[in-house]
Structures are given as C-alpha cells and as structure tokens.
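**Student:** Those sequence lines, one after another, are chains G, C, P, Z and E.
Under this note's numbering, residues 1 to 95 are what the first sequence spells out, in order.
Under this note's numbering, residues 96 to 190 are what the second sequence spells out, in order.
Under this note's numbering, residues 191 to 285 are what the third sequence spells out, in order.
Under this note's numbering, residues 286 to 380 are what the fourth sequence spells out, in order.
Under this note's numbering, residues 381 to 475 are what the fifth sequence spells out, in order.
Treat the hints with caution; some may be incorrect.
Straight-line Cα separation of at most 20 Å, EDC-like style, residue types lysine to aspartate or glutamate; simulated pairs [what the hints assert, rightly or not]: (1) Lys212(P) to Asp86(G); (2) Lys307(Z) to Asp469(E); (3) Lys402(E) to Asp276(P); (4) Lys117(C) to Asp371(Z); (5) Lys212(P) to Asp84(G); (6) Lys402(E) to Asp438(E); (7) Lys212(P) to Asp248(P); (8) Lys100(C) to Asp28(G); (9) Lys385(E) to Asp218(P); (10) Lys100(C) to Asp374(Z); (11) Lys290(Z) to Asp469(E); (12) Lys385(E) to Asp313(Z); (13) Lys117(C) to Asp374(Z); (14) Lys22(G) to Asp153(C); (15) Lys290(Z) to Asp142(C); (16) Lys195(P) to Asp408(E); (17) Lys402(E) to Asp273(P); (18) Lys402(E) to Asp274(P); (19) Lys195(P) to Asp89(G); (20) Lys5(G) to Asp218(P); (21) Lys307(Z) to Asp438(E); (22) Lys5(G) to Asp181(C); (23) Lys195(P) to Asp260(P); (24) Lys307(Z) to Asp463(E); (25) Lys307(Z) to Asp464(E); (26) Lys117(C) to Asp313(Z); (27) Lys5(G) to Asp123(C); (28) Lys212(P) to Asp83(G); (29) Lys22(G) to Asp181(C); (30) Lys195(P) to Asp234(P); (31) Lys402(E) to Asp248(P); (32) Lys212(P) to Asp58(G); (33) Lys385(E) to Asp463(E); (34) Lys117(C) to Asp369(Z); (35) Lys22(G) to Asp178(C); (36) Lys195(P) to Asp86(G); (37) Lys385(E) to Asp276(P); (38) Lys100(C) to Asp313(Z).
Just so you know, these hints were derived from the structure itself, not from any lab.
Keep in mind the model is a prediction, meaning the values are calculated, not measured.
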Amino acid sequence: MKVAKVSGTVVSTISFPFFDSKRLLICDLINARGEVDGYTIAVDVVDAGVGETVLVLDEGNSSRQIFGVDTGPIRATVVGIVDDADFGDFSLQGP
Amino acid sequence: MKVAKVSGTVVSTISFPFFDSKRLLICDLINARGEVDGYTIAVDVVDAGVGETVLVLDEGNSSRQIFGVDTGPIRATVVGIVDDADFGDFSLQGP
Amino acid sequence: MKVAKVSGTVVSTISFPFFDSKRLLICDLINARGEVDGYTIAVDVVDAGVGETVLVLDEGNSSRQIFGVDTGPIRATVVGIVDDADFGDFSLQGP
Amino acid sequence: MKVAKVSGTVVSTISFPFFDSKRLLICDLINARGEVDGYTIAVDVVDAGVGETVLVLDEGNSSRQIFGVDTGPIRATVVGIVDDADFGDFSLQGP
Amino acid sequence: MKVAKVSGTVVSTISFPFFDSKRLLICDLINARGEVDGYTIAVDVVDAGVGETVLVLDEGNSSRQIFGVDTGPIRATVVGIVDDADFGDFSLQGP
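Bound conformation, chain G alone (with noise of 0.2 Å):
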C-alpha cells in the first residue's frame, strides 16, 4: 500500500457494469519524503474528498475482494482515509 493524496477525480464512460456510480480518484502517490511522486487512479471506496490523505491498494485480486466480486475489471482500491502516517522524518495527519 501507499499513502496518497486526492488531487481530483476522473470522469470517463466506461462501459461496464462494475464501474457504474463508482467513483474514480487521482491520488498523488506521497513518497518517502513527503514529495508527491508518479499517481493513479483508483476506485473510491471510502467516501474520500479531495485533499485527503490515503491509503491506496494497488493489487487486482485484493480490489475484487473489497468489492466481493471475483472477476471485476479492477486493480488499485483507495481502501483508508489516513488519521496518521508517521514517516519518521515527518508525518501527515488526517481530519
């Protein structure tokens, strides 16, 4: 998993089932320095807003999990809202 941050959200017709009323986030993958480095795009499942701080799964098999389908066209899940990542160095709190 990942720490990251909501920059915005993606808008796309996908036609398949899986992803209607899903929402799709662009979340600033935060590295080891606290610097935003690369991103991706991942199905909300946590009612995540913009600007927030969270945990992002980026593995197929795991995402069908959280969605209890065992064949969805899925591969990286926000699955947290972060209330603390302490990184040593420094940290970042949540809401």
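Add chains C, P, Z and E to chain G, keeping to what the hints say.
**Tutor:** Chains C, P, Z and E only, in chain G's frame:
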C-alpha cells in the same frame, strides 16, 4: 489505472486467435504534471482514436474479464475515453 | 523480497475485518548502495519495531498465504527481521 | 505490451523441462522517444532474430496461455514481430 | 527474467516452514549497459555462489511452480546460472 493519450498504433503479426481483429494502441502515459512519462501498448475496447485521452487498465485478470475470456494473453486494455480528468493543478478534457 | 528499514507506522480507518488489529508499517526500501529508495506500507507479522531492518515480501498471493486466508485484501508483508544482510560492499546487521 | 528490439540471447542451464529447447531473448525495451530504456529476457515464440523489432508481453498468466500450460515458470514472451509501430513522432518498421 | 550477479546473502528469521533450509540471495540486477541497477532478494534453487551471474525469475506463480507448491510465500527465484549472456554491445560469461 492511468490516464494516457493515444499516440499511435502497432501492426504486428501475432499468431494467437485472441488478437484477431483487435487494435493495438500505443498509449503515452500522462504523469501528475501533465507530461508524457512512458507508454504501454494496450488492446482497444472503446474504439479510441489517435490523440484521444483514455483510461488504461494495466492488469491481466481485469483485461481478461473485459474481453470475457478466462485465458487470453492480454495485460493492458483501453477501458474508457476520458471526458474530464481533473488533476488539481491542471485538467484534461475529452471530446 | 527487499530489505527495508521500518521508519514508522500508519493509522487508518479501514473498514475490512482483515485489517482488524493488524499493524501497518512504513518500510523504507534499502537499495544496493545502502540508501533509502522508496517505501511500501506492509502488514506486520513479526512484531517489528521502528528502526528495525526487515524483509518485505511484496506479492498478494504470498501475503495471503502467510495470513492463511484465500481472499484478504493485502499485498505486502513484513515476513522477517534481518539478522544479517551482506550486500558485498556493505552489510546490515540486526539486533 | 512493449515494443522491443532483440539485442541478444542468453544461454543458461535451467533445469526445468519447460525451458527445454526454448530460446531466451534479451529484448531492449524501446521508450516513447525511440530510445532503449531497460530490457527484459523473454521466451521466444515467433522465431525472432537479433535486431528484429518485436512485441513483448510481460505477464505470467498470459505467457502460460501462449505456451498452453497451466503451470510453467514463465513471465515474459516475445509474442509478435512488429510490422509497423507508429508512435506519432517516429515509427519503427519491421522487415 | 533478468540477468543478475549474486552479491551476497540474507540471514533472517522467517517463521514459515517454506523458508526452512532455503538460501536467500541478494541479486544485483544488471541493466542493458552492463551496470548494476537495483537488486532483488531471490530464493536459490541452483546452488549459486556469490559473484556468479544468474537468471532471476520474478513472478510468484512461476516461483511456486519451481518449488512444486501451490501456496508458498515466494516471488523471486534464481532459476539458472548464466553460461553466456550476449547483450549485443557486451556479454557476460559464466564459469
């Protein structure tokens, strides 16, 4: 998933029935600053054209689900055309 | 697997029973020159503390095996505390 | 998938029947600017020669499908010889 | 697969029977210019020694096949000792 811009196509003789009449798109991956950062070749499922902004899902099991096969040799798929991708600092609009 | 140093912990509200009473460790990955190079957040299974040198196994199926579950949403696990890691040019010793 | 140029071969004693009489190709990965950017060693399935431009599929389940095995120890396969790869700014032609 | 040079070993207390009496090798990955570029820790299956040039297969399902287990917590394996790796611009020879 990643946001990408279709930059071109690949024509290749692949002797597996799965690839018959499927288009292979060269997808330039867009990073969190809006720059091109690497590419992947993905199978098209949304009839995307060169220059279009798309969503690329890069996981084999997900891609096989999308094509409804248990065992196709495929990893990355263009799953959607982006209507709007809001990265916070910039945004990309679709057609 | 990678050698890593535990730099901190993450507290996050994840509403999946799998994560109940599991510790999430921020693991700074050590590269072949002994420098920190990226991190991953892994579930602890060996009661590792901050500052300890550990082995991180970053594969979902492996991690699910370790926890004895078929379907948990997990990718990376701290599987061992390093007693001695000899990289040739340098080495790291455990406690 | 990635576009690659076959730069050489590997001869190695691998004592698994799967690898008997299979050729291992060193494939220089071509990035979106036409430069070599990393490599992977892939099993040949199209009789590609050194210097040829090929498509590399880097996923174990896909590769196992291609060889018609459920359990072979294989991750990357050269699945096609590129006739034409149009990256927008440049293109690569096959033989 | 990647060509690597064994630079050292890791001794770690891992309390999973799978790892009993298995050697963990630190494998410096060799890039297309012959330089060391990252490393991975792989389980030895060919009795490779420090300084030897080897082939590393980095996929869990493949590695489990090699050890003949359905469920072992393993991702990367040293599958062969390289006799000759011809990268075009340079080559590496085995013992």
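**Student:** If a hint holds in the structure, say so; if it doesn't, say that too.
**Tutor:** Here is how each hint holds up against the structure:
For the proposed pair Lys212(P) and Asp86(G), the alpha carbon gap of about 16 Å is at most 20 Å, so the pair holds. Of the pairs offered as hints, the one joining Lys307(Z) and Asp469(E) is violated, with about 23 Å between alpha carbons and a cut-off of 20 Å exceeded. As the CA atoms of Lys402(E) and Asp276(P) are separated by approximately 16 Å, the hinted pair is consistent with the 20 Å bound. Between Lys117(C) and Asp371(Z), the direct Cα distance comes to roughly 16 Å. Compliance with the 20 Å bound is thereby established for this hinted pair.
Between Lys212(P) and Asp84(G), the direct Cα distance comes to roughly 15 Å. Compliance with the 20 Å bound is thereby established for this hinted pair. A hinted pair counts as satisfied when its Cα atoms are at most 20 Å apart, and Lys402(E) with Asp438(E) qualifies at roughly 17 Å. Between Lys212(P) and Asp248(P) the CA atoms are separated by roughly 17 Å; this keeps the pair inside 20 Å, and the hint holds. The straight-line distance between the Cα atoms of Lys100(C) and Asp28(G) is roughly 19 Å, inside the 20 Å bound, and the hint therefore holds.
Among the hinted pairs, Lys385(E) with Asp218(P) is inconsistent with the structure: their alpha-carbon atoms are about 23 Å apart, more than 20 Å. Simply put, Lys100(C) and Asp374(Z) have alpha-carbon atoms about 13 Å apart, close enough for the 20 Å limit, and the pair holds. Between the alpha carbons of Lys290(Z) and Asp469(E) the distance comes to roughly 13 Å, so the proposed pair stays at or under 20 Å and holds. With a C-alpha separation of about 19 Å, the suggested pairing of Lys385(E) with Asp313(Z) holds against the 20 Å cut-off.
Proposed proximity of Lys117(C) and Asp374(Z) is contradicted: the alpha carbons are some 23 Å apart, above 20 Å. Restraint check: the Cα-Cα separation between Lys22(G) and Asp153(C) comes to about 19 Å, which is no more than 20 Å; the hinted pair holds. Only pairs whose Cα atoms come within 20 Å are accepted, and Lys290(Z) paired with Asp142(C) is rejected, the gap being roughly 28 Å. Distance restraint check for Lys195(P) and Asp408(E): the Cα-Cα separation of roughly 19 Å lies within the 20 Å cut-off, and the hinted pair is therefore satisfied.
About 15 Å separates the Cα atoms of Lys402(E) and Asp273(P), which keeps this hinted pair within 20 Å; it holds. Between Lys402(E) and Asp274(P), the direct Cα distance comes to roughly 15 Å. Compliance with the 20 Å bound is thereby established for this hinted pair. For the given pair, Lys195(P) sits about 13 Å from Asp89(G) by alpha-carbon distance, which is consistent with the 20 Å threshold. Between Lys5(G) and Asp218(P) the CA atoms are separated by roughly 19 Å; this keeps the pair inside 20 Å, and the hint holds.
Restraint check for Lys307(Z) and Asp438(E): the C-alpha separation of about 19 Å stays at or below 20 Å, so the hint holds. Straight-line distance between C-alpha atoms of Lys5(G) and Asp181(C) comes to about 14 Å, which keeps the hinted pair within the 20 Å bound. In summary, the hint linking Lys195(P) to Asp260(P) is not supported, as the alpha carbons are separated by about 28 Å, beyond the 20 Å threshold. Under the criterion of a C-alpha separation no larger than 20 Å, the hint pairing Lys307(Z) with Asp463(E) is consistent with the structure, at around 15 Å.
Distance restraint check for Lys307(Z) and Asp464(E): the Cα-Cα separation of roughly 15 Å lies within the 20 Å cut-off, and the hinted pair is therefore satisfied. For the given pair, Lys117(C) sits about 25 Å from Asp313(Z) by alpha-carbon distance, which is inconsistent with the 20 Å threshold. Restraint check for Lys5(G) and Asp123(C): the C-alpha separation of about 23 Å exceeds 20 Å, so the hint is violated. Distance check on the hinted pair: Lys212(P) and Asp83(G) sit about 15 Å apart at the alpha-carbon level, within 20 Å; holds.
A hinted pair counts as satisfied when its Cα atoms are at most 20 Å apart, and Lys22(G) with Asp181(C) qualifies at roughly 16 Å. At roughly 13 Å between alpha-carbon atoms, Lys195(P) and Asp234(P) fall within 20 Å of each other, so this suggested pair holds. Between the alpha carbons of Lys402(E) and Asp248(P) the distance comes to roughly 18 Å, so the proposed pair stays at or under 20 Å and holds. Proximity of Lys212(P) to Asp58(G) is assessed by CA-CA distance (about 19 Å); at most 20 Å being required, the pair is judged to hold.
For the hint pairing Lys385(E) with Asp463(E), the CA-to-CA distance comes to about 13 Å; that is within 20 Å, so the pair holds. For the given pair, Lys117(C) sits about 15 Å from Asp369(Z) by alpha-carbon distance, which is consistent with the 20 Å threshold. Simply put, Lys22(G) and Asp178(C) have alpha-carbon atoms about 15 Å apart, close enough for the 20 Å limit, and the pair holds. The hinted pair formed by Lys195(P) and Asp86(G) meets the criterion: a straight-line CA distance of about 14 Å does not exceed 20 Å.
About 14 Å separates the Cα atoms of Lys385(E) and Asp276(P), which keeps this hinted pair within 20 Å; it holds. Restraint check for Lys100(C) and Asp313(Z): not satisfied, since their Cα atoms lie roughly 23 Å apart, outside the 20 Å limit.
Checked against the numbered hints listed earlier, the structure breaks hints 2, 9, 13, 15, 23, 26, 27 and 38; every other hint is satisfied.
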